[in-house]
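Chemist: For this one, chain A is given, so just place chains B and C on it according to the hints.
Residue numbers (the working numbering), protein chains in the order written: chain A, 1 to 274; chain B, 275 to 704; chain C, 705 to 1007.
Everything labelled a hint here was simulated from the structure, so no lab data went into it.
Note that the structure is predicted; figures quoted are calculated from it, not measured.
It cannot be assumed that every hint is accurate.
[As the list claims (entries may be wrong)] Derived contacts from chain C toward chain A, CB cut-off under 10 Å, selection only:
1) VAL744
2) THR756
3) ALA829
4) ILE887
5) LEU900
6) TYR901
7) LEU931
8) PHE933
9) GLY940
10) TYR965
11) TYR968
12) SER978
Glycine included, C-beta positions come from ideal geometry on N, C-alpha and C.
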Amino acid sequence: MKKRLLLHLLVWTFTLWCVAPFAWQIITSLKSNPEIAAVPNVYLPKHLSLEHYSTLFWRKPFGRYLLNSFLISAGSMILCLFVSSLAAYSVARLHVRGGKLLLLSLVIIALFPSIVFFFPLYELVRITHTANNPIALILPYVTFNLPFAVLVLTSFFRSVPLDVEEAAKLDGLSRLQILFRIIMPLAAPALATTGILIFIASWNEFLLALTFMTRDTAKTVTAGVASLGGSSSYDIPWGPIAASVVISTLPLILLVILFQRRIIQGLTAGASKG
Amino acid sequence: MGYSSVQSFAIVAMRMIFIAGVFAGCNRSEKPAQDKVELSILFAPDSTGVWRSLCADFEKQHPNIHVNLIEGTASTNGREDQYVTSFLSGQSPYDVIYADVTWVPKFAAGGWLEDLTDRWPADNWARFIPGVIEGSKYKGRIYRVPFDIGAGMLYYRKDLLDAAGEKPPETFDDLVRISKELQHPPSLWGFAWQGQQYEGLVCDYIEILKGFGGDWIDPATNAVGLDQPAAIQATTFLRDCMGKYGISPPGVATYDEEPSRQLFNAGRAVFMRNWPYAWVKAQAADSPIKGKIGITRVPMTPGGAHASTLGGYGFSISKSSPHKDQAWLLVQFLTQLPQAKQVYLNTGTLIAQKAFYDDNPDPAIQQMYQVFQTTVPRPMTPQYAQASDILQRHLSAALTGLESPEDAMKEAAKETRLLLPAASGKRAAE
Amino acid sequence: MIPPASKRPREIGDQTFAAILLTPAFLFVACLAIYPIIRVIWLSFFTQNLGTELHPQFTGITNYTRLLNDGHYFAALRTTLIFTFFAVSSELILGMTMALLLNETFRGRSIARAAALVPWALPTAVLALAWKWVFNDQFGVFNDLLMRLHLISHPIAWLGTPATALFSLIFADVWKTTPFMMILLLAGLQDIPNELYEAAHIDGARSINSFRLITLPMLLPSITLALLFRSLQSFGIFDLPFVMTGGGPGGATETVGIYTYNTYLRYLDFGYGSAMIVGTTLVMAFIAILIYLPLSRSSGARA
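Pulled out of the complex, with its shape left as it was, chain A reads as follows (with noise of 0.2 Å):
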């Protein structure tokens, strides 16, 4: 009983502190600004304000930069379940020369902190003029999403029954037909699963959004945040912060409420995977 009573404790100790740092941004953006700096804190505020959402909005490009998020995530997700999904199906199925060079890659790849890539990424960017251009992320967001992507997928096509395709192929259709209309609905849960891990990723990825988009308005919301609070320690401005990091992080939250399941899904095939 005592064991039982403890295992409830911690487990919900830990549940807090999963979401306290969050929980407190919300907090934070709906204080007033004399109840932010109010020593000691104040944990439930006593008056409520939106201020410094509107100030957000108001200062800076916000709805822009989510905008820029959106279409950066999406784009890549797309493109990037498009490629792996030929990759993992000519790996898993058709056992293609060169297949197993390009899985040794990708795990190579995956090792590999961003860093690595970064600065030659810069390079073609600058030859190529796409500097805030949304495709100057996109592309190298599939690139680093790839082996994840692929180890996955191969492993699902892997597991899917042959039957399936030697039923297909004795009704006539021919290989891309059964590609597509076939194993891709197939593939539809194991694709949902990779394409929203693949969607967070690229939300949150930091160092080439930084870098390649200079212009505000080209700004994804992870970049844009960051940089409202990255200088001196002099009248930063606490409120609008915490409204600027509630606000980028509130889509996220909320793909995290509706796919939980699936994600955890997809994080553990990839590991064993891997």
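Modeler: Structure of chains B and C alone, referenced to chain A:
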């Protein structure tokens, strides 16, 4: 609330956020294209609004030019990074650059600054304090029109020195002697300065180094003077301030401008090395030392010279700007004396033009002007930032006792030589 | 190589078809992953910085000589090693504990699991701001809680002193990565068949022994993988220190990632930065071998 209700709420919320985002993005529409030329400049925060009003005045005089004054972060480094990344990306939106003195060699070497030597003949330079002109040049060509000046100065407690019948110190020995005489630590220390590991430490050090007759880097030959006796003596002097002489609080190795100023402002130091802004603060109504301080040049030794590290901003033009002529008009406008004076009146920033000091009645300003005659720029090498980093680290190690001054300077010299290319591709040692 | 009967190509083009499907992925990898790696290695043998007015000059191993004498680099390396060691070991222990706890079924378990995803799902760079606020010396809630619990009497300048700044960084990183570790280990735990525990229980084993003799060995592959992956990731960390402390105070939290970034983009020393990356990768490879060898040997021994 059941799990599925949470899910539905989440879906609706996501849709709303997305739609709001699209609308908010649309509302921020670009200005319709007009027949105007738009000049963009990335500026420091304009808390008094004086710069905006100056730009508005300029626009009245030039109705076909619109000035887009973008307020950036207060941090100089932060704005420098923004300029650099925009230049590197090849699509810089900035026409005019509000350039700190340390940026000139770096930006010029990167090929991002317009060479102003032909637009701005040398006889025009005469109205500026010579040191700031030096700080606006790279390889003999001028890249920046100076605006304001900052310089390191020695503040002293006039009341204490007068009471003891002492004149302001000319040499380091004087400084030490008077400090020892007048201080009674810990309530009153002798000499407050900036010893933290950061750019300010290097600024302080340069003044001492020149005072001992030493040299850091000669940009023409990339010769490094850090392991010469003068440099080692300078480092030893600073370390001894805390140790052997005991005239500086041990905490000085962690001070930047503010802690040292606060110590002096509270009346707890006889001498302080700091920038001009400290004077303004000291003259505030509630300052305990109001009216009690004087300003003089940083001391030296007979084999050296008085030196004051140069700081300050000016205006440069971006080489890739499509509106260089209009940008030049703006730069000339902003650096005229009447406009510069307006900025001074609003923000207390000191102007880099001689005329400003010619008939200024304020004795403190006149004292500062004397100091400004001794300004030296930091080494005008494009790789200054890295050289400064090397020096900072080793100075800090010497000050905190991790390395002896001699070892620290020798290491610093070695790393600096590896950093800098030898001039004309030949090794400097040959 | 003769394909098995069930997969014998019906037409000549089967391998071609497969190759076509593979091409987009190969292109991405070749252009945006392989090429950058080769380019970095290439660039490391050139000097291209402001001293050369950003023109590349071949200088052989000069950059490497300079790297070996660079006190700043070794300081950053030391900071990164300390950070990685403490962060990864903390999150392993905490993650393991939480995985064991969450392995039991109880009401509200899915809420706990969803909450565990929050740190992982949110952008590190943005949360770094949240942490900056938490650790703020005057208004921060960390100080507030410690003072309310009477554990400290004056507010501590967490991000203002070198040792405490590194601690804060590690704390924030452990917060972010523990849940991920927990999920991985939990999946591994759930793969362990219950019969093993039941058998041990019947034999009278205490739970700590069954942990040592059943759980740990069976989890070793997962642990090794997690440790390897997380250590390498941790070594290259950038987002968190960049936004939370900028590498300060006085370089106390400057990781190799930040120093490399500054070398590229603040100092504009492109060749040298590339040499730095090559050097750091070698260090990382060495660490990977250090982690992998002993652990793979022991899991091999048990097989």
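Chemist: Mind checking the CB of C:VAL744 against every CB in chain A and telling me if the closest is under 10 Å?
Modeler: 6 Å, holds
Chemist: Would you settle whether the hint for C:PHE933 is holds or violated, based on the nearest Cβ-Cβ distance to chain A being less than 10 Å?
Modeler: 7 Å, holds
Chemist: Can we keep the C:SER978 interface hint, with Cβ of chain A closer than 10 Å?
Modeler: 7 Å, holds
Chemist: Does C:TYR965 meet its interface restraint, that is, does its C-beta lie within less than 10 Å of any C-beta in chain A?
Modeler: Status holds, d = 7 Å.
Chemist: Identify whether the interface hint at C:ALA829 stands, where standing means a beta carbon of chain A within less than 10 Å of its own.
Modeler: Holds, because the Cβ-Cβ distance from C:ALA829 to chain A comes to roughly 4 Å (cut-off 10 Å).
Chemist: Hint C:LEU931 vs chain A: min CB-CB distance below 10 Å?
Modeler: Where the cut-off is 10 Å and the nearest Cβ of chain A is about 12 Å from C:LEU931, the hint is violated.
Chemist: Does the nearest C-beta of chain A fall within a distance shorter than 10 Å of the C-beta of C:ILE887?
Modeler: 6 Å, holds
Chemist: Measuring from the C-beta of C:TYR968 to each C-beta in chain A, is the shortest one below 10 Å?
Modeler: This hint holds: C:TYR968 lies near chain A, its Cβ roughly 5 Å from the closest one there, short of 10 Å.
Chemist: Taking 10 Å as the limit, does the beta-carbon of C:TYR901 come near enough to a beta-carbon in chain A?
Modeler: 16 Å, violated
Chemist: Any CB of chain A closer than 10 Å to the CB of C:GLY940?
Modeler: 2 Å, holds
Chemist: Hint C:LEU900 vs chain A: min CB-CB distance below 10 Å?
Modeler: 19 Å, violated
Chemist: Checking hints one by one. Is C:THR756 an interface residue toward chain A, by the C-beta closer than 10 Å rule?
Modeler: 16 Å, violated
Checked against the numbered hints above, the structure breaks hints 2, 5, 6, 7 and satisfies the rest.
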